[in-house]
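Take the two lone chains, each set in its own frame, and fit them into one complex as the hints suggest.
Same order as they appear, the protein sequences are chains U and B.
Counting from 1, one number per residue, gives the positions in the first sequence under this note's numbering.
Counting from 225, one number per residue, gives the positions in the second sequence under this note's numbering.
Hint data in this document are derived by calculation from the structure and do not stem from the laboratory.
The C-beta atom is built at its ideal place from N, Cα and C for all residues, glycine as well.
Please note that a few of the clues may not be correct.
Said to hold, decoys possible - Here are the in silico distance ranges between beta carbons for each label pair:
#, chain 1, residue 1, chain 2, residue 2, range
1, U, Arg178, B, Asn339, 24 to 34 Å
2, B, Phe263, U, Pro60, 51 to 61 Å
3, U, Asn109, B, Leu334, 25 to 35 Å
4, U, Phe180, B, Leu334, 23 to 33 Å
5, U, Val208, B, Arg281, 53 to 63 Å
6, U, Asn109, B, Lys338, 32 to 42 Å
7, B, Phe263, U, Gly80, 21 to 31 Å
8, B, Phe241, U, Pro60, 54 to 64 Å
Claimed, not checked - Computed cross-link-like contacts, DSS-like style, restricted to lysine-lysine with a CA-CA straight-line distance of at most 27 Å:
#, chain 1, residue 1, chain 2, residue 2
9, U, Lys5, B, Lys338
10, U, Lys47, B, Lys338
11, U, Lys157, U, Lys5
12, U, Lys52, B, Lys338
13, B, Lys316, U, Lys47
14, B, Lys343, U, Lys79
15, B, Lys333, U, Lys157
16, U, Lys52, U, Lys79
17, U, Lys79, U, Lys157
18, U, Lys156, B, Lys333
19, B, Lys338, B, Lys257
20, B, Lys338, U, Lys156
Residue strings, one per chain:
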Amino acid sequence: MDDPKTLIVVPVFNEWPHAMGILEELRDRFPHILVVEDGSSRRLDRKELKNKGIHYLCLPFNLGSWAAIQTGFKYALIKGYDYVVTFDGDGQHLCEEIPALLQGACQENLDIAVGSCAERASRLRKACWVVLRRLSGVTIEDVTSGFRAYSVRAFKKFAEFSEANIEYQDIGVLLLARRFRLRMGEVPVRMQSRRGGESKVFPNLSSVARYFLITIVSILVKWR
Amino acid sequence: MAIVSYQTSSFVIAFVFFILILRLIRKGRLHEKYSLGWFLIGLGILFFGALPRIIDRVAAYLGVHYPPILLVYVGMGLLFVQQLHLFICMSKNETRIKELAQEVAILTKLLEEKNEEEKESP
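Just chain B, with the same shape it has in the complex (with noise of 0.2 Å):
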């Protein structure tokens, strides 16, 4: 005999997601551009996390057998394209650095020799 109910477990847990989320966008570690984003995604947790049997009716209108596998594969496809995005901005941002990085180089290279240059002939 369970001792608190599956709907309160699952909104508690979804109540603790939202409100990290919450925090994240105040402190501003997650920054704004990204903040609706994932204000969107903690309202979506909460919602199913306060009305889990939510779930159910949809996969039945689906045709799905299982209700929980639908979370899981819903799940699964929204990782998946977010895994995708990240490495995407990931290997924008590595080529962004790289650019800087060669960029530094080039102009502390310049400067050298332009003070060498003045030094020479004052």
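So here's chain U without its partners, still in its complex pose (with noise of 0.2 Å):
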């Protein structure tokens, strides 16, 4: 298979209207892109994404990021994709690093390929990314990135493992993937600060202060 079926997962909560623009330039160069609601109160217009040709879901109620990937990953394991790439609403991630980031999980046979970006940190977010995986083991170093690709194999577990009520995204995954004995690595790719929005994790510093503990807490109870 050359060409695996690729699913773009992009979740959204209140990104209405910098969703769009980004949404539309997937839409030229990806056939298939699902964009997962999370509740938001300024619901995304329907039509106009049927028209465009763009999948859309919409969940009931606020979720959490997470739960909104994972809705994702049921979707598409009922419609039989190989990859599902999860990519941002908010501009931070650039749609011409998506083939980059699969050719790195295709070419390494990853089941968790992160796309990362080593000069977005802040050093205060360079630091926490050392003690985070100091302190967990895991090898990838931007683990807060939300630019993946998984596998059938990695969303598959993860879309049946109803379990995996994760707050964060990142390296509670990584985690969960390790025990599931998932292959993972990292891919370089270019980011972007983010063009609207406020980050959806991090919209305040007590914000990151629960990030930061809930995490250390899931690292050492999870323990190898």
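Okay, structure coming up:
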């Protein structure tokens, strides 16, 4: 199979209207795009998306970014895709980098390929990465990157494991992946600073602290 | 000088709790599967409310010098266990709700797709 069937999953939460431009860009390059709306208060225009040929899933209420992605996995499983690429709707990820990510995943036969971009991180963020990496033993550098390609082996596991109630879709997912014995790797990609909307994960400092503490607890509890 | 004795007041409070539990079970506000546990808890409250001096005896038997602390200690322990149990239930329910919401979203999407197919090829 030279051309694996790939679904691009874009979780969005109150990202209208920035998301539309990004979705159009994606649409021009890739045939299968699924927008998963995570119970936003401002809904995307269903008709407009349909006219543009973009698939659209709408969760009835906010479940968090990982649950939205998991919904995408379930859909991809039903529809028989080979790869799922998770792509943020906030303009941070570049659609021209998707082929490189997929190629990296295919060539090295990875179940999870993380698109990593070391330049985007501030010094504090890098320090956090180091701490989390050391504690968890995960060797991937950019653990917080949401730009990832999942093979069918990987997303099948995540779709069927309903207890995967992960708060943050980064290191918790990687730890779970390790438990599932999935092959993980990193593909260097370029990224952009956010075009619009604030970071879903870190709107303020206390949420960063919460993230950090929850992640550390989950690492300590789910040791090797 | 107290107007009512300590035994009377403790009994009245326990009785009110007992009746409350009974009413909640009767109206179905507490589900049947929880009714037995809460009925027993109600009976326990009623028993110790009616005979509060039993606690002094039990405390003496267990070597606790200050009897009221025994009540506090046991009560806190029970509350802790119950709270933990509640959080476990809540986590389980959250998972179930999440699964349902995801199913609903996917089913809605599949139904839409099916309707469209039928429209295209009648």
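Status of each hint after checking the structure:
Evaluation of the 24 to 34 Å hint for Arg178(U) and Asn339(B) yields a failure: the beta carbon distance comes to about 42 Å. Checked against the given bound of 51 to 61 Å, the beta carbons of Phe263(B) and Pro60(U), roughly 37 Å apart, lie outside it. At roughly 31 Å, the beta-carbon separation of Asn109(U) and Leu334(B) lies within the given 25 to 35 Å, and the hint holds. Taken as a hint, the range 23 to 33 Å holds for the pair Phe180(U) and Leu334(B), whose Cβ atoms sit roughly 27 Å apart.
Judged by the Cβ atoms, the range 53 to 63 Å given for Val208(U) and Arg281(B) holds: they are separated by roughly 55 Å. At roughly 36 Å, the beta carbons of Asn109(U) and Lys338(B) sit within the given window of 32 to 42 Å. Range check, Phe263(B) to Gly80(U): Cβ separation about 53 Å, and the 21 to 31 Å hint is violated. A beta carbon spacing of about 38 Å between Phe241(B) and Pro60(U) contradicts the range 54 to 64 Å that was offered as a hint.
With a C-alpha separation of about 21 Å, the suggested pairing of Lys5(U) with Lys338(B) holds against the 27 Å cut-off. Between Lys47(U) and Lys338(B), the direct Cα distance comes to roughly 16 Å. Compliance with the 27 Å bound is thereby established for this hinted pair. Proximity of Lys157(U) to Lys5(U) is assessed by CA-CA distance (about 18 Å); at most 27 Å being required, the pair is judged to hold. With a C-alpha separation of about 18 Å, the suggested pair Lys52(U) and Lys338(B) falls inside the 27 Å cut-off, and the hint holds.
About 36 Å separates the Cα atoms of Lys316(B) and Lys47(U), which puts this hinted pair outside 27 Å; it is violated. For the hint pairing Lys343(B) with Lys79(U), the CA-to-CA distance comes to about 20 Å; that is within 27 Å, so the pair holds. Taking the CA atoms of Lys333(B) and Lys157(U), the gap is near 22 Å; set against the 27 Å cutoff, the hint holds. Taking the CA atoms of Lys52(U) and Lys79(U), the gap is about 20 Å. The hint holds against a cut of 27 Å.
A C-alpha spacing of about 16 Å is found between Lys79(U) and Lys157(U), which places the hinted pair at or below 27 Å, so the restraint holds. Only pairs whose Cα atoms come within 27 Å are accepted, and Lys156(U) paired with Lys333(B) is accepted, the gap being roughly 19 Å. Only pairs whose Cα atoms come within 27 Å are accepted, and Lys338(B) paired with Lys257(B) is rejected, the gap being roughly 41 Å. A C-alpha spacing of about 24 Å is found between Lys338(B) and Lys156(U), which places the hinted pair at or below 27 Å, so the restraint holds.
The earlier numbered hints that this structure contradicts are 1, 2, 7, 8, 13, 19.
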